[in-house]
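Undergrad: Chains as they are written, first to last, in the working numbering: chain A, 2 to 338; chain B, 2 to 338; chain C, 2 to 338; chain D, 2 to 338.
One or more of the hints may lead you astray.
For identical chains, the list gives no copy identity; a pair is met inside one copy or between any two copies.
What the hints assert, rightly or not - Subject to a maximum C-alpha distance of 25 Å in a straight line, what follows is the list of computed DSS-like cross-link-like pairs (lysine-lysine):
(1) K61 x K260
(2) K78 x K260
(3) K277 x K71
(4) K260 x K71
(5) K203 x K260
(6) K200 x K78
(7) K153 x K85
(8) K153 x K71
(9) K61 x K153
(10) K153 x K203
(11) K277 x K203
(12) K61 x K71
To be clear, the hints were calculated from the coordinates, so they are not data collected in a lab.
Protein chains: 4
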Amino acid sequence: MLVVMQEGASEAQTENVINLLVEMGFTVHRSTGVRHTVLGGVGPIDDFDPAALEVIEGVKECHRIVSPYKLASRHFKPGGTVIKVGNVEIGGRQIVLMAGPCSVENEDQIERAAEIVASAGGQVIRGGAFKPRSSPYSFQGLGEHGLQLMRKAADRRGLAVISEVMDQTQIPLLSQYSDILQVGARNMQNFNLLRELGKVRKPILLKRGIAATIEELLLSAEYIMSGGNYEVMLCERGIRTFETSTRNTMDIAAMPVLKRLTHLPVIADPSHGTGKREYVLPMARAAVAAGADGLLVEVHHDPDHALSDGAQTLRPDQFTDMMQQVRAIASAIGRAS
Amino acid sequence: MLVVMQEGASEAQTENVINLLVEMGFTVHRSTGVRHTVLGGVGPIDDFDPAALEVIEGVKECHRIVSPYKLASRHFKPGGTVIKVGNVEIGGRQIVLMAGPCSVENEDQIERAAEIVASAGGQVIRGGAFKPRSSPYSFQGLGEHGLQLMRKAADRRGLAVISEVMDQTQIPLLSQYSDILQVGARNMQNFNLLRELGKVRKPILLKRGIAATIEELLLSAEYIMSGGNYEVMLCERGIRTFETSTRNTMDIAAMPVLKRLTHLPVIADPSHGTGKREYVLPMARAAVAAGADGLLVEVHHDPDHALSDGAQTLRPDQFTDMMQQVRAIASAIGRAS
Amino acid sequence: MLVVMQEGASEAQTENVINLLVEMGFTVHRSTGVRHTVLGGVGPIDDFDPAALEVIEGVKECHRIVSPYKLASRHFKPGGTVIKVGNVEIGGRQIVLMAGPCSVENEDQIERAAEIVASAGGQVIRGGAFKPRSSPYSFQGLGEHGLQLMRKAADRRGLAVISEVMDQTQIPLLSQYSDILQVGARNMQNFNLLRELGKVRKPILLKRGIAATIEELLLSAEYIMSGGNYEVMLCERGIRTFETSTRNTMDIAAMPVLKRLTHLPVIADPSHGTGKREYVLPMARAAVAAGADGLLVEVHHDPDHALSDGAQTLRPDQFTDMMQQVRAIASAIGRAS
Amino acid sequence: MLVVMQEGASEAQTENVINLLVEMGFTVHRSTGVRHTVLGGVGPIDDFDPAALEVIEGVKECHRIVSPYKLASRHFKPGGTVIKVGNVEIGGRQIVLMAGPCSVENEDQIERAAEIVASAGGQVIRGGAFKPRSSPYSFQGLGEHGLQLMRKAADRRGLAVISEVMDQTQIPLLSQYSDILQVGARNMQNFNLLRELGKVRKPILLKRGIAATIEELLLSAEYIMSGGNYEVMLCERGIRTFETSTRNTMDIAAMPVLKRLTHLPVIADPSHGTGKREYVLPMARAAVAAGADGLLVEVHHDPDHALSDGAQTLRPDQFTDMMQQVRAIASAIGRAS
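Make a model of the complete structure from these sequences and hints.
TA: What follows is the structure, encoded as structure tokens:
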């Protein structure tokens, strides 16, 4: 850690900061420059807030020079992590396709969805069982019954299942039916949930919050991993900006940035990333071209009558088209799909 | 609801949209213009996603003309809501001061904090008992013991207590010790938590998420109110923008905007809103000048040694100074403090 | 245009709005609903600010239903615009590559750059002659001499030239040497400049401002086109968000959004879009996969010693690699490069 | 400047960076830590891009430790700058009121505006003569005639004049009629304009760009000052965020942040900051409470018929009301108005 003192900071101020650093457990090296004194702190703790030092009298700025995450960093596992779910390998050469409706609505619907996904060559079916919506007056999901229907539809076709866990109380139920537990964008910093997921032996798909930086996403992954569960994949699903022609602004650069910073697989969700079905196909191509290891996409046999998220849900023909085009992109960059 | 058809939309497309609206329960009025056909839908449902209509073939755009929230709207209670907590009235003429440390650390610390708050004329003490932090390696709070210490310190001085509830499982415990239950920014759209808080008979302080619009904040308030708990106060604590000289950008305009849109009391949190203690005082003045009904502020007897959020926590003398200046502002705009 | 009156708006208020609309030149249709009265205005003017109506007493909201741009809209030329610059077609089947250094520094440097671009198969060389920098203490460009050097280097290899025009006084000079005139992000709403460019008979590359919406970008294109110059191409180069791991957040969805809204060619600039050279290659692939008609990229024979923008400038080997990969992506989506 | 090498950076990489720094003119101090080597560079140049060093092999991060602006920094003139315009002192104890219509429309209108401003106790009249609008089809201003009308109206009542200069060619004309030259948000980084304004002997009001950081605003002020014109005042007028209930999000914290970082006077523009007249009054109070030295506000005798910006323009009675309330706030914080 580096503390830069202000030009003209007094000796007493510098001493005070040194004492504070020593109290915090740092060994301090002092380097007196022409204009600025710089204090370098080496120590056992990585978890401190540079802002807390910057308000001390005489301090100009403070920089943390060790990443606040370790287990999630690329350094920790330079070769990259491959997560196996049945026969599916996530983070390997193949682009993995996870698709399905926003919510499980009934048996017919989820069976049709599974059929669409399987016949287009997808590997994982998605579907929400609990849908706490932003309006209190909406469809709230089928609960366990929905999970049962999705599991059956998946098993018939050899698909894996991913579904979202809304809070820590749902972990046991979701673990029973779902192969991958999804953490939604709103829960990215629900640390109670993350801590419990660290104890689970199921892969986690962790979505980036709509106002979360990439560093914060990695810190949330670290939270899970520090509990012992190293099978975390990260998902970019759009951040909030001033642009309104899409629901969110999909940060496609998060693919190469994450690939550089972490060894964990990276998934892209162009459905939530755009909010409009007509943009899902080009953004799926873009995400794969930028280095995504997989896609999470919403598809429904009749999206205009879907009970939730219809605007961003693909029709079956659009989905098949997307699969073909994504395959062509994957092959152009030396990957499979 | 108004659906504007595209220029040149076919009759079949228009018919299709009309049928869809009728299916959804709307009575439809059609108005054919020179360039655009406009469909007006009147109906029992207010909870639909205009985006879902905008992806239908031939539709140009769709506008919801009824607010998606009702109980929270100013229209519902034009005179404004005053929430009583013991002798304190929130939303009335007086500016209410809620202050205390980020976390309860030990008995001595919380007693000193209570003393600082009470002697400066504050009415409510704040303090966190559960601190799930963005790093898994940090101080996590004292739990129930912290609540007991804070309750005692408050009771000795006639203060009310506010503390944060992290998830629905903590509601019974928090309700036992705290007069006001705080919902943090990260939980603003934790709908399971909001639903349970609708059943509680304790006032709720609901913080705006860092990427939440004002409309979304009101919809979350509606969520709680629709469960029967009408005692909700709203808290602006900064949103995330590109500016980095402050931790967040405090949306001071949220004060007059909320005062216009809702009857609920509005509280400002300049500590989280700025992230730096030197800016808390001017932003507290600004918030009150803009119409805030109260302030939520962090204070500690020795913030440089606070276990969390030290950078944004006031020293005792700064707090006393703030109280005096806020009082002067309150009086300048015809309010008390 | 649609004006929705508030629930409970008085007859006098409604009359007042109708009179105002009539004064503005609208023919007004009134539709009285159960809760809301809606006024539809048809008229010759498309250029008014809905916000100005929303502050009138009794008005709930106002929606413009005609796009504020016409010449730039896809509707105006559904087949798309192809701009010819010498033998190069921009907006056609081929992905066009424009590349070169941030600034022209000297003859040797621009000759090398032209050689790199030409031998890798690029069609257009870029290079700045005027570099007004954010610090007053920096290299400010070679001016006309730089343009001469770049023109010579281009002519020797059959490349076209693109260079930035900083204000209207520079148009004659730039027009003498450059085939395409570039408008930088900071000038996207310099309406004096845009107006003059409408009178020029040179293609314009118009960059999106870092805080500009896609609609505003199109309105700026309209500005130029309304002066008679229809050869405008649009360039996405990143917008400003809270994310700091890249200099800007490249809005890759702008490709399909623009392709839908306008007939004008769309170019992507992954150098400014990311600010870091290691992310230029994957983002170039992504932009083409999402539908870009061309790329604008910075390359230098020795970027670590470039006088400006070195961080985002490719080395020659990285540029050649990018060209090959972009070609593979182009071919995967049925385009050429 | 501090360069932190990556953990495990090779000796050759470190040597390479040292050589590069020496080439750039820095004297380098090397400090080898347990995990990281840190290079401290001291040198004559302050204008370099840390990003350019961060892409060098082996570099983890680079921090500039000297502010990129000097003349604008508080350090340069700790007591603060007071700018005199006739009898008006800007940056002193008094809160200065600058007000008037968005555009000068005709003699009657500007005379009435001047009357409103003067009789309410304002000191400066504002009004635009050149209005290049975001649509090419709008009212574009009266030009020099407008300036003449405004000057006459001002002189009759002893008001000073402020008006916007759109590009460097307009400087002579504007200087003839206007006491203060305003640089609009879109021109904050028009460096050609800023350079020319450095040669002028008129005070400048520099508006913050809608996506500009506070540091960038200060760097633009530095640009002007480095040319010899030290009379610069800074104006916060709202930044662009995802919130849509106001046209911009007014960054009220910019007041105390600027007061800490610079000695230049700080003005707030709640008209552009909110875009809606009903929010101008509370935001004017907030800005003054937060430390603004003055306000820039739009007022018109009949804003519903104003030719531009009517939505955010105050009616005369609202303006008078605002003046009284601002005076009360000013007096509450020990200032005059």
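Undergrad: With reference to the structure, classify each hint as holding or not holding.
TA: Hint-by-hint comparison with the structure:
no. : hint        : in the structure
1   : K61 x K260  : between (33 Å within a copy, 16 Å between copies)
2   : K78 x K260  : within (12 Å within a copy, 41 Å between copies)
3   : K277 x K71  : between (37 Å within a copy, 23 Å between copies)
4   : K260 x K71  : within (15 Å within a copy, 39 Å between copies)
5   : K203 x K260 : within (22 Å within a copy, 41 Å between copies)
6   : K200 x K78  : within (21 Å within a copy, 48 Å between copies)
7   : K153 x K85  : within (21 Å within a copy, 53 Å between copies)
8   : K153 x K71  : neither (39 Å within a copy, 41 Å between copies)
9   : K61 x K153  : neither (61 Å within a copy, 40 Å between copies)
10  : K153 x K203 : within (19 Å within a copy, 44 Å between copies)
11  : K277 x K203 : neither (31 Å within a copy, 36 Å between copies)
12  : K61 x K71   : between (27 Å within a copy, 15 Å between copies)
The structure fails to meet hints 8, 9 and 11 from the earlier list, while all remaining hints are met.
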